[in-house]
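Trainee: Residues per chain are reported as follows:
Protein chains: 2
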Amino acid sequence: MKVRVDVRLRAAVLDPQGAAIRQALTDLGFDRVGEVRQGKVIELELDETDPAQARTTVEEMCRRLLANPVIEDYAITLPSTDPPH
Amino acid sequence: MKVRVDVRLRAAVLDPQGAAIRQALTDLGFDRVGEVRQGKVIELELDETDPAQARTTVEEMCRRLLANPVIEDYAITLPSTDPPH
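Top line first, the protein sequences correspond to chains A and B. Residue numbering for the first sequence follows our numbering, beginning at 1 and increasing consecutively. Residue numbering for the second sequence follows our numbering, beginning at 1 and increasing consecutively.
FYI, nobody ran anything at the bench for these hints, they're computed from the structure. Just so you know, even glycine gets a beta-carbon here, dropped at the ideal spot from N, CA and C. Some hints here could point you the wrong way.
[To be verified] The following residues of chain B were derived to be distant from chain A, with all beta-carbon distances above 12 Å:
1) Ala12
2) Leu14
3) Ala24
4) Pro51
5) Ala54
6) Val70
7) Ile71
[Said to hold, decoys possible] A few chain B residues facing chain A, derived, Cβ under 10 Å:
8) Leu28
9) Asp31
10) Asn68
Produce the entire structure from the sequences given, and follow the hints as far as they go.
Mentor: Put into structure tokens, the structure is as follows:
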């Protein structure tokens, strides 16, 4: 199955990339832009059919590699089982 | 309103970041991982109440700054108007 992982900086953490994007948009004339945050999304193909097992595996991937839990949050989306977020 | 923009490499474009993540996951013992693709997500606060106008504005942002149309696709999600993707 195809699993999607959203990794974003925690709300309390300063996001210089987001701030740079906001400044660039403002410079281009987009003057109605407020806060901008940039995160990353990782889509991976997993050879697993059980959704619960897939979630457990991907959570371990997040803890060990994909996210930095000190400054980042992550959200795992399995195919057509999760509501949009 | 809060607008979300997903920017990802086109399917035909090689994704070295994704490949590096896959290799790292394999090295960690996650041996059931297939293709991995990494994209970015930009969340921005826009001072606009009309969804159609918001979409038009953000599409222009994508064309002019947020995405590289030669190698990247983008998807815009407005609050609670779009189906999940």
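Trainee: Now, for every hint given, state plainly whether the structure supports it.
Mentor: So, going through the hints one by one against the coordinates:
1. Ala12: The assertion about Ala12 of chain B holds, with a minimum of 16 Å to chain A.
2. Leu14: holds, 15 Å
3. Ala24: Violated, because the least Cβ-Cβ distance between Ala24 of chain B and chain A comes to about 6 Å, which does not exceed 12 Å.
4. Pro51: Given a closest Cβ separation of 14 Å, the condition holds.
5. Ala54: violated, 9 Å
6. Val70: holds, 19 Å
7. Ile71: holds, 16 Å
8. Leu28: holds, 6 Å
9. Asp31: The hint holds - Asp31 of chain B has a Cβ within 10 Å of chain A, the shortest such distance being about 9 Å.
10. Asn68: violated, 14 Å
Comparing the model with each numbered hint stated earlier shows that hints 3, 5, 10 do not hold.
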